[in-house]
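*Asks:* Letter by letter, the chains look like this.
2 protein chains.
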Amino acid sequence: MRWVRFSLSGRTAFGILEGERVVEVAGDPFSDWDKTGQVHRFADVKVEVPVIPKTFYAVGLNYPQHVREVAAKRGVEPDLPSQPDVGYRANTGLIAHGAPIVIPADATEAVQYEGEIVAVIGKTAKGLSEDEALGCLLGYTIGNDVSERTWQKSDRTLWRAKNTDTFAPMGPWIETDVPDLDALETIVRVNGAESIRFLTNAMLFGIATFLSTISRYITLVPGDVLWMGTDGSSPNLKHGDVVDVEITGIGCLTNPVIKAT
Amino acid sequence: MRWVRFSLSGRTAFGILEGERVVEVAGDPFSDWDKTGQVHRFADVKVEVPVIPKTFYAVGLNYPQHVREVAAKRGVEPDLPSQPDVGYRANTGLIAHGAPIVIPADATEAVQYEGEIVAVIGKTAKGLSEDEALGCLLGYTIGNDVSERTWQKSDRTLWRAKNTDTFAPMGPWIETDVPDLDALETIVRVNGAESIRFLTNAMLFGIATFLSTISRYITLVPGDVLWMGTDGSSPNLKHGDVVDVEITGIGCLTNPVIKAT
Numbered sequence: 097m098r099w100v101r102f103s104l105s106g107r108t109a110f111g112i113l114e115g116e117r118v119v120e121v122a123g124d125p126f127s128d129w130d131k132t133g134q135v136h137r138f139a140d141v142k143v144e145v146p147v148i149p150k151t152f153y154a155v156g157l158n159y160p161q162h163v164r165e166v167a168a169k170r171g172v173e174p175d176l177p178s179q180p181d182v183g184y185r186a187n188t189g190l191i192a193h194g195a196p197i198v199i200p201a202d203a204t205e206a207v208q209y210e211g212e213i214v215a216v217i218g219k220t221a222k223g224l225s226e227d228e229a230l231g232c233l234l235g236y237t238i239g240n241d242v243s244e245r246t247w248q249k250s251d252r253t254l255w256r257a258k259n260t261d262t263f264a265p266m267g268p269w270i271e272t273d274v275p276d277l278d279a280l281e282t283i284v285r286v287n288g289a290e291s292i293r294f295l296t297n298a299m300l301f302g303i304a305t306f307l308s309t310i311s312r313y314i315t316l317v318p319g320d321v322l323w324m325g326t327d328g329s330s331p332n333l334k335h336g337d338v339v340d341v342e343i344t345g346i347g348c349l350t351n352p353v354i355k356a357t
Numbered sequence: 097m098r099w100v101r102f103s104l105s106g107r108t109a110f111g112i113l114e115g116e117r118v119v120e121v122a123g124d125p126f127s128d129w130d131k132t133g134q135v136h137r138f139a140d141v142k143v144e145v146p147v148i149p150k151t152f153y154a155v156g157l158n159y160p161q162h163v164r165e166v167a168a169k170r171g172v173e174p175d176l177p178s179q180p181d182v183g184y185r186a187n188t189g190l191i192a193h194g195a196p197i198v199i200p201a202d203a204t205e206a207v208q209y210e211g212e213i214v215a216v217i218g219k220t221a222k223g224l225s226e227d228e229a230l231g232c233l234l235g236y237t238i239g240n241d242v243s244e245r246t247w248q249k250s251d252r253t254l255w256r257a258k259n260t261d262t263f264a265p266m267g268p269w270i271e272t273d274v275p276d277l278d279a280l281e282t283i284v285r286v287n288g289a290e291s292i293r294f295l296t297n298a299m300l301f302g303i304a305t306f307l308s309t310i311s312r313y314i315t316l317v318p319g320d321v322l323w324m325g326t327d328g329s330s331p332n333l334k335h336g337d338v339v340d341v342e343i344t345g346i347g348c349l350t351n352p353v354i355k356a357t
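One line per chain: the protein sequences are A and B, in this order.
Mapping of the first sequence onto this note's numbering: residues 97 to 357, in sequence order.
Mapping of the second sequence onto this note's numbering: residues 97 to 357, in sequence order.
Since the hints were derived computationally from the structure, they do not count as laboratory data.
Treat each hint with caution, since some may be false.
Identical chains share a label here; the pair holds if one copy fits it or two copies do between them.
[To be verified] Derived pair list, reagent style DMTMM-like, types lysine to aspartate or glutamate, alpha-carbon separation capped at 25 Å:
1. K169 with D251
2. K222 with D251
3. K222 with E205
4. K131 with E116
5. K142 with D128
6. K219 with D261
7. K222 with D261
8. K249 with D175
9. K355 with E342
10. K249 with E173
11. K355 with D202
Could you put the whole structure together from the sequences, leaning on the hints where they help?
*Replies:* Structure below.
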């Protein structure tokens, strides 16, 4: 099932995507919902960020190739994490499928994509074992963890490198049916040309491990999102580019790029 | 004016604290509100976290003495920040005035308080100058940035050291009338005995500087909170302790400490 959050005629609602149609519901997939009887053409609705999380978790270095590439660019030795330490992000960076990534006027040219699978929590959970961890999820969506690499290097935190307004496209929907994470591929395209492809689940620490580890100390709540990091590297994005982050079986998140003047 | 968020008879509402009374409002101080005509004894209501922020900003090392003390404990040279880089926190750590700080069973003895002034954003703001920055605030509250120091040292991020459930007491209310930040003193007491006192505004980078810097890249929205860091050091907290963080002119945030078994 695909849950889409959308706006139409001045209201925002959740709906179930069925082919080219959106079946509107009252309520939300995180608590109670009922079909309203209203059905819209998907092409007619404005797609919104699928959920505004109470807490926005993001994993940093979680793919060996990415760790090595980042280290090489910074001229340091690769330093693979020895345990799953998660980070946090600003909700204000979130934008929907289709909305523009706006590069600030004072950013350098080194603004890059990071295509990531996003786990969406569906149930309140604490003290999850690894075996039961995926059971707390509603489903999965896609994130593009846009990053300004010079700020990432110069600042003590990732506050603006990864949290500048519009730097966190997420969507287009939440897919609840993902039977085999190992079967997923992440493909990123810039202006239609494939620039990277990797096995989505080839992580240092998997989704279940992070959920179990976090929930040992922190209560996960419905709507929380966990971005899982990315593999490989990215070309610099420039004004006029269009970035697709596709994850097979989930969907494709597309955002144009604008440079502010 | 003091805004208190409270629960009573199964509902949660905002109210204006007037002496020993809470004047209940409909709506909230971040948008529209009206007095409902209902008045409660403050002693009769359950105080809640004054606001659940859309984004929870927290400043790290921001007082020279604290930077030096932390460095000395870690056996490294003090490294004073050269620019205001903010961080983010998990909303699930937030607890109200009076609620217990629960130290996990597997935490070490090095669980400590950090008494902090918290700026509460009242208006949507982007691109603020330093001169106008404080104008976006609704007011101020108090935070206790509880920290497990061994995890702070061992983990790559502060994810559990400072974000474990209950590690972010905030409150008891939002004070809107703070005419002179330089006049404020922060006093922390453990079991009634004063353990530290410092000038609240003796920061490396002040509140206006942080608000201006953040808003250059990120839109501040009503309800966001910015915790400003702390000075000095703390004894280890243990089961049965009670911690007061008082900031003169704002209030006193009190929380008991429990060690989970």
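*Asks:* If a hint holds in the structure, say so; if it does not, say that too.
*Replies:* Evaluation of the provided hints:
no. : hint           : verdict
1   : K169 with D251 : both (16 Å within a copy, 24 Å between copies)
2   : K222 with D251 : between (33 Å within a copy, 20 Å between copies)
3   : K222 with E205 : between (42 Å within a copy, 23 Å between copies)
4   : K131 with E116 : within (17 Å within a copy, 47 Å between copies)
5   : K142 with D128 : within (23 Å within a copy, 28 Å between copies)
6   : K219 with D261 : between (28 Å within a copy, 17 Å between copies)
7   : K222 with D261 : between (31 Å within a copy, 10 Å between copies)
8   : K249 with D175 : both (15 Å within a copy, 16 Å between copies)
9   : K355 with E342 : within (23 Å within a copy, 46 Å between copies)
10  : K249 with E173 : both (15 Å within a copy, 21 Å between copies)
11  : K355 with D202 : within (10 Å within a copy, 48 Å between copies)
Violation of the numbered hints given earlier is absent; every hint is satisfied by the structure.
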